[in-house]
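Trainee: Sequence:
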Amino acid sequence: MPEVAVAGFAQAPNVRKSEGTTNGVEMLVPILAEAFAATGLSKQDIGFWCSGSSDYLAGRAFSFIAAVDALGAFPPINESHVEMDAAWALYEAWLKIRTGEVDTALVYGFGKASAGQLRRVMAMQLDPYLVTPLWPDSLAIAGLQARLGLEGGLWSEKDLAEVAARSRADAANNPAAQLSGTVDVAELLDTPYVADPLRAHDIAPVTDGASVIILASEERARDLVERPAIISGLEHRIDSPVLGARDLTRSPSTAAAAAARLDLDGVELAELHAPFTHQELILRRELDLDAHVRINPSGGALTGNPMFSAGLARIGEAAARIHRGEAAKTLAHATSGPALQQNLLAVLEAR
632 MPEVAVAGFA QAPNVRKSEG TTNGVEMLVP ILAEAFAATG LSKQDIGFWC
682 SGSSDYLAGR AFSFIAAVDA LGAFPPINES HVEMDAAWAL YEAWLKIRTG
732 EVDTALVYGF GKASAGQLRR VMAMQLDPYL VTPLWPDSLA IAGLQARLGL
782 EGGLWSEKDL AEVAARSRAD AANNPAAQLS GTVDVAELLD TPYVADPLRA
832 HDIAPVTDGA SVIILASEER ARDLVERPAI ISGLEHRIDS PVLGARDLTR
882 SPSTAAAAAA RLDLDGVELA ELHAPFTHQE LILRRELDLD AHVRINPSGG
932 ALTGNPMFSA GLARIGEAAA RIHRGEAAKT LAHATSGPAL QQNLLAVLEA
982 R
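Each residue of the sequence shown is one higher than the last, beginning at 632 in the working numbering.
Note that these hints are calculated values from the structure, not bench results.
For each residue, glycine too, the CB sits at the ideal point set by N, CA and C.
Some hints could be false.
If you anchor each label on the Cβ, the simulated ranges turn out as follows [claimed, not checked]: (1) Asp919 to Ala800: 23 to 29 Å; (2) Pro759 to Glu665: 18 to 24 Å; (3) Trp766 to Arg916: 17 to 23 Å; (4) Gly690 to Tyr824: 26 to 32 Å; (5) Gly651 to Pro707: 23 to 29 Å; (6) Asp758 to Ala831: 44 to 50 Å; (7) Ala771 to Gly690: 19 to 25 Å; (8) Glu818 to Gln675: 41 to 47 Å; (9) Asp790 to Thr813: 14 to 20 Å; (10) Ile696 to Gly812: 36 to 42 Å; (11) Gly731 to Glu665: 25 to 31 Å.
Starting from the given sequences, assemble the full structure and let the hints guide the process.
Mentor: Following this line, the structure appears as structure tokens:
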């Protein structure tokens, strides 16, 4: 089976509010052009297209069909869609290339979270009979998770603030970041709670954004980019949707994905999709990453969290480090569902 590589990556600026429709067309058109320009490809060269988005977030049925307007109506394309983060669309596209059905694929994800009440929208992913009717929003659930860790002695509020401060400092070098800059940990700890024990800096901002990744077989990728990022491992696992049936201070699905034929030895940096500061600490623990592994040099989701493309962006950011010669082996992570319910890991290498 052919190896698959990330050959191109582009993302729209992460912003609090964007003009335009909820189908992402206005955000997608410029970054599609950017990805094509960087690889020298055109629409006619893409064998398979796959997207990730949410009709709930867009507030309309079949919003992903409207997003195809960004690709062009002619000639016809081979297209698919997943109703979740586009990192899982990348998994589908990866399989298409691995089976030899195509040798190129374009994956994109988009989300315009500013169009609605995100905290309320995210409650729709919970148990529709027992939990959603109570309307526990995403921040409340994350607050419960963070509180369990605090009471269990796994982290302190200072630990969480240090994650936020480091993330914003790293984001200063990321032109797509929504939040960036130097912040003092003591000042962060002096701010009010939003969802006790979480403060504003512990929570990823509401973000509009989109991302695009071009995949190709290893042979084809070497014609498109000088240092292709070979996907040497790709796994995803899921935990129970019943919040009371699992230890929320752990992420068994992340650990299981890492243990399933993934080689993490020699990983130099990791892009972890952690929308809350304490979730980064959970992921680092489950992945058993060495102290020298740099975490989220892009700033991560805490500095810009476009729904349904933030996970894809983690893969793109990890691949871009290889493209630029800044790393030889990287790890990317994406999550979906409440309290790190479902997790995907990708190991990328320069060969």
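Trainee: Evaluate each hint against the coordinates.
Mentor: Structure-based check of each hint:
| no. | hint | in the structure |
| --- | --- | --- |
| 1 | Asp919 to Ala800: 23 to 29 Å | holds, 25 Å |
| 2 | Pro759 to Glu665: 18 to 24 Å | violated, 39 Å |
| 3 | Trp766 to Arg916: 17 to 23 Å | violated, 31 Å |
| 4 | Gly690 to Tyr824: 26 to 32 Å | holds, 30 Å |
| 5 | Gly651 to Pro707: 23 to 29 Å | holds, 25 Å |
| 6 | Asp758 to Ala831: 44 to 50 Å | violated, 28 Å |
| 7 | Ala771 to Gly690: 19 to 25 Å | holds, 22 Å |
| 8 | Glu818 to Gln675: 41 to 47 Å | violated, 53 Å |
| 9 | Asp790 to Thr813: 14 to 20 Å | holds, 19 Å |
| 10 | Ile696 to Gly812: 36 to 42 Å | holds, 39 Å |
| 11 | Gly731 to Glu665: 25 to 31 Å | holds, 28 Å |
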